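**Student:** The lines below spell out each chain.
Protein chains: 2
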Amino acid sequence: MRGSILLQTMELRELPTPALVLDRGRMERNAERLRRRLEAGGVPLRIHVKTAKSVEAVRHVLGGRTAKVAVSTLLEAEQFHAAGFLDLLYAVGLAPNRFERVAQLTRAGARVTVLLDGLELAREWRRFCRERALEVPTLVEVDTDGKRAGVRPEGAELLELAEELSSGGLFGGLLTHAGGSYGSRSPEDLRRFARAEREGILVAAHRLRGQGLPVPTVSVGSTPTALFSESYADVTEVRAGVFLFMDLVMAGLGVCRLEDLALSVLTSVIGHSADRTRLFVDAGWTALSRDRGTAPQAFDQGYGLLCDVLGRPLEDLVVSDTHQEHGTISARPGAWLDTERFPAGTLLRILPNHACATAAQHGAYHLVDGSERVLGRWERFQGW
Amino acid sequence: MRGSILLQTMELRELPTPALVLDRGRMERNAERLRRRLEAGGVPLRIHVKTAKSVEAVRHVLGGRTAKVAVSTLLEAEQFHAAGFLDLLYAVGLAPNRFERVAQLTRAGARVTVLLDGLELAREWRRFCRERALEVPTLVEVDTDGKRAGVRPEGAELLELAEELSSGGLFGGLLTHAGGSYGSRSPEDLRRFARAEREGILVAAHRLRGQGLPVPTVSVGSTPTALFSESYADVTEVRAGVFLFMDLVMAGLGVCRLEDLALSVLTSVIGHSADRTRLFVDAGWTALSRDRGTAPQAFDQGYGLLCDVLGRPLEDLVVSDTHQEHGTISARPGAWLDTERFPAGTLLRILPNHACATAAQHGAYHLVDGSERVLGRWERFQGW
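These protein sequence lines map, in sequence, to chains A and B.
Numbering follows this note's numbering, in which position 95 of the first sequence is assigned residue number 95; successive positions increment by one, without gaps.
Numbering follows this note's numbering, in which position 63 of the second sequence is assigned residue number 63; successive positions increment by one, without gaps.
There's no promise every hint is true.
Claimed, not checked - A few chain A residues that face chain B, going by a derived Cβ cut-off under 7 Å, partial list only:
#1 Val-92
#2 Asp-117
#3 Leu-121
#4 Ala-149
#5 Arg-152
#6 Ser-268
#7 Ile-270
#8 Gly-271
#9 Thr-277
#10 Phe-280
#11 Arg-290
#12 Gln-324
#13 Glu-325
#14 Ala-344
Stated by the list, open to error - To spell it out: a stretch of chain B is covered by chain A in this simulated footprint if at least three of its residues, at any positions, have a beta carbon under 8 Å from a beta carbon of chain A; those stretches are:
#15 89-100
#16 143-156
#17 208-218
#18 263-272
#19 277-286
#20 317-330
Unchecked claim - Straight line, CA to CA, 20 Å or less: simulated EDC-like cross-link-like pairs of lysine to aspartate or glutamate:
#21 A:Lys-147 <-> A:Asp-87
#22 B:Lys-68 <-> B:Glu-28
#23 B:Lys-147 <-> A:Asp-321
#24 A:Lys-147 <-> B:Asp-338
#25 B:Lys-147 <-> A:Asp-275
I should point out that these hints are in silico values taken from the structure, not numbers from a laboratory.
These numbers come from a predicted model, not from an experiment.
All residues carry an ideal CB built from backbone N, CA and C; glycine is no exception.
In isolation and in its complexed conformation, chain A is listed as follows:
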């Protein structure tokens, strides 16, 4: 079962449960959709590998090639660099206890780009780089939706930071992430978030250029805005990760259809409630995560949507609760769960709210392509 070699005859029912299942055909179509969209917009993609955390998965959608990637941990950077990926953007604010590890990666030949948003930290980082004669392109994070980190496009801090980095030869440009787009309620909302993301970072870039500072990188991204932006003009790259697998949150936002979801958790029925209103499966929060990303959406999917073993949704049945190794399956209000249909041992699949969070609970993907046949296995890595 190691590597991607499997016996020809392996079927889903031969896997131990719970197990993470990846529909390779769906993933390929999801990748193709974003590729076409960005190609038409004339902007390159920088795949965010925080969702897949698998060199094999990313190589597969790149047709065996390498490409520029974004990472959320230095472990991702090290793993992808070891696999031949040279251009790595560490898209989480840098902390001093990571300086040395970034330096090591750079000395090992990686082109690492880092991110920060605080002046004191920028000074510390500049001193560190000067002492070691390091040239690490450093982006300033811009906050375009008040959701997370970053400086305001119109604020004084932006200029101070860019000048501090620039005088140390480190300033590489700007980055923003429209995390607020996850709260969209309509396609118009998604377009509005994409517009705000792009316009915000362009305001910041324009101000810096007005001060004579070159801004080589203008990096935007999130799966919803990457797919719904009406313009990518003057943006130098788009980051996205969850687009590869999609999930119930993305379907709830209208970013994809339910039949685009490539990731699911294979599970076995292990019992029923005494009153026969609920079913218990062996996918608890260790297999699904505790993510409740669809809770604020119009259509709450609990901890996941139940499917048959082929991945076809049983739309009235959701994971209503999770314990460590138990998932509770209930019917939605007004619907009815016939527990007799699901004796102990029945194999089912669960579509996750949040692909990143569910995948993070597992050490490997088991590949299928629309049938019960297991085509291979791709390893994932965990930790930092």
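Add chain B to chain A, keeping to what the hints say.
**Tutor:** Leaving out everything else, chain B in the frame of chain A:
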């Protein structure tokens, strides 16, 4: 850093962040508290190792000895058996795709006890055991609070199941878990759940004995009921796991004090919101989990309570949101967060809602004992 050997001089600030920190002294005191309680009650403890998932941690609180343990996965069973633990209760409903693995463990010399609650499954399991001449003690799960799996103490299924197993020479007794106790609102509630758990299973045992069926094992447990039960009479063992570490959910239930919490996540400040009302740390849901166990409690702790590097709570500051590698720190309503006090790189610790869920996100514990000195490292295992 491997094993439990560390350089004498290692301090918390030398660890990469995020990192899981375990206060060994607190864990020892928590273990001692339950040990004394159960000793006074005259009932043996069966430690549930699903929380620790570490042979070293469990051996430590057992003073280097082995003992009977409960497990939530067969991987836990295999790991503990390999370390010399012979009596293993697999306390999650059995599924047919795990029969063979249980058989292997049994053949390897483990005394494995399993659990089920369905008649069809019991028949299938009996056939399996007969064909392989296996004698695996099998418990029937009893539902004493309507919360999870199990048959009712007063129902017909209990007798059918026990008779089916008994005629195959497999019936080992009864098990119940007062998961409902997590919804307690007062010490009186906790005592009531403990009473209901014990009385429910004793009703079931009495009925079976009345039919001439011996009931050797009467297994109850959950950390709240283990600590608050007023009587353990006629119970043969108490299972508990989270008592070793305790967590904010347990503190919110009144089961422990905040200063008993042994587990925390070490984290670094990586940025501030543009409006200076929030702080960002490098402990996101990959480090904390998405568990919101204190949300329904009187005192909602967000995704965790912020502490200084020594683990002393900064009681007005909580993790208000989590992204994959970002935790957002906010002040509680009415309080104020002075972001100037926490420049990028500041080391902090976060007390988790749910020890099992937070520990599950990590590959190792870093041991301290009230100071910043790191005393060792214990490996954890993940997966199934």
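**Student:** It remains to establish, for every hint, whether it holds in the given structure.
**Tutor:** Hint-by-hint comparison with the structure:
1. Val-92: Hint holds; Val-92 (chain A) Cβ to chain B Cβ min 5 Å, cut 7 Å.
2. Asp-117: At about 5 Å, which falls below the 7 Å cut-off, the nearest Cβ of chain B leaves the hint on Asp-117 (chain A) intact, so it holds.
3. Leu-121: Status holds, d = 4 Å.
4. Ala-149: OK, holds: Ala-149 (chain A) within 7 Å of chain B, min 4 Å.
5. Arg-152: 5 Å, holds
6. Ser-268: 4 Å, holds
7. Ile-270: 4 Å, holds
8. Gly-271: Status holds, d = 4 Å.
9. Thr-277: 10 Å, violated
10. Phe-280: 5 Å, holds
11. Arg-290: 4 Å, holds
12. Gln-324: Because about 6 Å separates Gln-324 (chain A) from the closest Cβ in chain B, which is inside the 7 Å limit, the hint holds.
13. Glu-325: Given a least distance of 5 Å, the restraint on Glu-325 (chain A) holds.
14. Ala-344: 4 Å, holds
15. 89-100: Answer holds; 7 residues pass the 8 Å Cβ test.
16. 143-156: Contact hint for the stretch 143-156 of chain B vs chain A: holds, 8 residues under 8 Å.
17. 208-218: violated (count 0)
18. 263-272: holds (count 5)
19. 277-286: holds (count 4)
20. 317-330: Holds, because 5 residues of the stretch 317-330 of chain B bring their Cβ atoms closer than 8 Å to Cβ atoms of chain A.
21. A:Lys-147 <-> A:Asp-87: 27 Å, violated
22. B:Lys-68 <-> B:Glu-28: 18 Å, holds
23. B:Lys-147 <-> A:Asp-321: Given pair Lys-147 (chain B), Asp-321 (chain A) holds - Cα atoms ~10 Å apart, limit 20 Å.
24. A:Lys-147 <-> B:Asp-338: 19 Å, holds
25. B:Lys-147 <-> A:Asp-275: Between Lys-147 (chain B) and Asp-275 (chain A) the Cα gap is close to 11 Å, so the pair holds against 20 Å.
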